[in-house]
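2 protein chains.
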Amino acid sequence: AMEKSYVSMFLLLVAMSCALAKDAGTKETKETTAKPKLPQTLSRGWGDQLIWTQTYEEALFRSKHSNKPLMIIHHLDECPHSQALKKAFAEHKEVQKLAEKFILLNLVYETTDKNLSPDGQYVPRILFIDPSLTVRADITGRYSNRLYAYEPTDISLLYSNMQKALKLLKTEL
Amino acid sequence: AMEKSYVSMFLLLVAMSCALAKDAGTKETKETTAKPKLPQTLSRGWGDQLIWTQTYEEALFRSKHSNKPLMIIHHLDECPHSQALKKAFAEHKEVQKLAEKFILLNLVYETTDKNLSPDGQYVPRILFIDPSLTVRADITGRYSNRLYAYEPTDISLLYSNMQKALKLLKTEL
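Here the protein sequences line up with chains A and B, keeping their order. 1 is the number of the first residue of the first sequence in our numbering; add one for each residue after it. 1 is the number of the first residue of the second sequence in our numbering; add one for each residue after it.
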């Protein structure tokens, strides 16, 4: 029985998120075959009524100057785990309401900032950045090998993590 | 007469594009007062039927892997010169058609890559990048103090510059 539950747990952890395509060429081929809906939106379905930033530079600037924490969602269109989390995120009224208090960014391409991949570049992966521009490495999901991954069933944990992120770090004066 | 025409020329050059706000705080205040239309689009009105990339990282990746040149338009919502150029760009059928042959990115926030501001960070400013990831410093508009600026009346020059950008640089094999 012990061995069996270990196996289930292991499956859960490997199956819940998508690795990025290792071969850039392969990824490009996939993406050009699936044409985007036009016009494309910044929300990409994560909340059409929310205000989304376009780039990491913009998001950092707005977070710093508005004193709102930044929430960065890394995802991929071709990743079913990303799609499932997006659906849960977009349909959860309290999450959508609370999201208004954040500077929001969703990305399908990784930035060059390694601080945004403390334990790898998997998707879906949600990171919170304090307005002091500190990555909140302490705000994690429930999976030990992919700390910033969430499943759709983790939406309440994500909600409470958003509440945690809104309690800003004390910044030095 | 000589002095008078010099003055007019000078006025033309200073009036045709917008400097970026020097005080980031001021800019932020302005932008938060004007709420964006929801959902926001990646095209931002520069061509809703075109496929736009979201970030500079994505644009570089796609340019390199598709062997299409990259066209980057820097602009600002509160800059009337940007708005006027956008209107000319969006309404010009040949320009819109030719734009399909490019990887496209429009940005309201500057990237950290200084290669994208060879003579400053004014807007509107249009740069072409070869798929070899070389900035085409040779593809310029008609103003000597803001080489990558275009006025709406320069739309034909912009069109011929787009044709020039499509003749790719010879890359080393």
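Among these hints, one or two may not hold up.
Intra- or inter-copy, both count: the list cannot distinguish identical chains.
As the list claims (entries may be wrong) - The calculated DSSO-like cross-link candidates involving lysine-lysine, where the alpha carbons are at most 30 Å apart (straight line), are:
1. Lys170 x Lys87
2. Lys68 x Lys97
3. Lys37 x Lys170
4. Lys93 x Lys114
5. Lys35 x Lys68
6. Lys68 x Lys164
7. Lys164 x Lys97
8. Lys167 x Lys35
9. Lys101 x Lys37
10. Lys64 x Lys35
11. Lys101 x Lys35
FYI, nobody ran anything at the bench for these hints, they're computed from the structure.
| query | Against the structure shown, which of the earlier numbered hints fail to hold, in ascending order? | reply | Of the numbered hints, 1, 3, 4 do not hold.
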